[in-house]
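Undergrad: What follows is the residue order along each chain.
Protein chains: 2
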Amino acid sequence: MSLLVTGSIGIDTVKTPYGVSENCLGGSAVYFSMAASFFSPVRLLGVVGSDCPFDLAEVFADRSVDLTGLEVRAQSKTFRWTGTYGDNMNDRRTDCLELNVLAEAPPSVPSEYKDSEFVFLANTAPVLQLELLEQIKDPVFVAADTMDCWIDSQLDDLKGLLKRIDCLIINEDEARMLAAENNLIESTEKILGMGPSVVIIKKGESGSIMCNADGERFILPSFPVADVKDPTGAGDSFAGGLMGYLAQVGRVDFASLKQAIAYGTVVASFAIADFSLDRLASINKTDIDSRFETLRKLTGF
Amino acid sequence: MSLLVTGSIGIDTVKTPYGVSENCLGGSAVYFSMAASFFSPVRLLGVVGSDCPFDLAEVFADRSVDLTGLEVRAQSKTFRWTGTYGDNMNDRRTDCLELNVLAEAPPSVPSEYKDSEFVFLANTAPVLQLELLEQIKDPVFVAADTMDCWIDSQLDDLKGLLKRIDCLIINEDEARMLAAENNLIESTEKILGMGPSVVIIKKGESGSIMCNADGERFILPSFPVADVKDPTGAGDSFAGGLMGYLAQVGRVDFASLKQAIAYGTVVASFAIADFSLDRLASINKTDIDSRFETLRKLTGF
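As given, the protein sequences belong to chains A and B, one line each in that order. So the first sequence is residues 3 to 303, counted in the working numbering. So the second sequence is residues 3 to 303, counted in the working numbering.
The following block holds chain A by itself, in its conformation from the complex (with noise of 0.2 angstroms):
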């Protein structure tokens, strides 16, 4: 079925106690897409200034995603990110921030796209995400991402939106400031009841954690990786590789959720292997098949 993700585009410098590097391919929308093309054809939808450095078309080159929705501004500056990981890899601290392009209008999403099934509105303003997603004309499964900066400053534009989407991908911090509760399950729980029929909480190295609505919870560890060089696009690659996994199977019954937290989970495990997107364009869908079947072996009992 097909698969419309909509996000960022950006030019990403990242340090890590593993090096340095500099004005490389960013953004959500691109580890998404990379993620998700093991799986499904993918629709990206996003915008860059004429500052960019990058030729998607060749970066995805091999790869079924369309290009048609990538709008390129030529008055405009791509979106910049600058961030230093500390040495345990879960402190990030960004260091600078040039948002550019996305504080304006949000691309329009072309006719070709409007009849997507599967939809992922990758992190930025609810009221983006809405608008966005209006332009959809009958979504079968809608995800989206948040974070702390719309929960605190935009909070009621993100429960109309909580109000229209199928399942909510948070990180855990954010599940409990959304929820202003401590306990990580009660969370859960009063989040189901803002609207989505599924959430999932993304907890980094720890994994993550998926309750629906009709009360069946999945938790599966992260991949155990010893390689991690660069975390960044982690939350979206899982993202991808989930979403992607779904659209392939084109169902959404909790079974096949959770297979599709195990390939997200994996995808991402691979993701964080190498700055940038070194590591994901360098395996095959085999690569994933095989470590899919290591985590269930490690999980097992």
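In case anyone wonders, no lab produced these hints; they're calculated from the structure. None of the values given here were measured: they were computed from a predicted structure. Among these hints, one or two may not hold up.
All copies of an identical chain are treated as equivalent in the list; a pair is satisfied when it fits inside any one copy or across any two copies.
Heads up, simulated EDC-like pairs for lysine to aspartate or glutamate below, C-alpha to C-alpha not over 16 angstroms straight-line [to be verified]:
#1 K231 - E188
#2 K231 - E183
#3 K260 - D291
#4 K165 - E133
#5 K260 - E207
#6 K231 - D280
#7 K192 - D68
#8 K161 - D280
#9 K260 - E106
#10 K116 - E136
#11 K165 - E136
#12 K299 - E218
#13 K192 - D229
#14 K17 - D93
#15 K192 - D168
#16 K79 - E100
Based on the hints, put chain B in the right spot on chain A.
TA: Only chain B this time, still in chain A's reference frame:
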């Protein structure tokens, strides 16, 4: 098979966002024994002062906990700990620590205990753990816990202990500290190189990881509980369920260790649902088996 635990018996005062429990029963050997007794008879080795207000024979009535090794020292005072948990229950502050009898000579192992096959050395100075272990004739499987202060101040003694035990059960931060390595998977490999054939990392709310010298690994999330009232004793209850199950089945192959970790996880999830031993004392083996099956269902895909 026979199971021996040596550790503390304490008078705890615990403050959590859910209330205060003053002068309640605590201590590693107590939590461990209660947890292990669901699976196997336990031999408790520990020492209290004459001020100890608890009748352990009554506490363990109807449970197979051998108190031959319980020593009451007329001239000594019982170990006391006072601590406070923050809102998210992961931040624990020690407000007051009175080692009292724990700063004296350790209890000696009664002759009836010397043939113990499974042994758990709860956290204390590694030189004392070694001294106790040397009194056991021919143990089959020895596990130990330790903590930051011993890694910091008695690293050589601890390394001596590690050469003599089969399994180290340790918190994640302490594992990183012991290995002088930030990545948890790398830390575990380094600790395996120090002697034990099995290393089990406790990650609190995020579950646990086990690695062995043959390169096998197992990862299990914690059991999700909305009603965490007091996390005190979670680690010792985990170890108790784990070692109790191993002593029950009399095997330490990797498949049995995986089941043992799952049982430890389940017992710990009950322990934290109320203050002191209140919840552990009110459940039965059927409750544990039922939650074990739920955990399997929650994590399988």
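Undergrad: Of all the hints numbered above, which does this structure not satisfy? Sort the numbers upward.
TA: Hints 5, 7, 8, 9 are the ones this structure does not satisfy, whereas the remaining hints hold.
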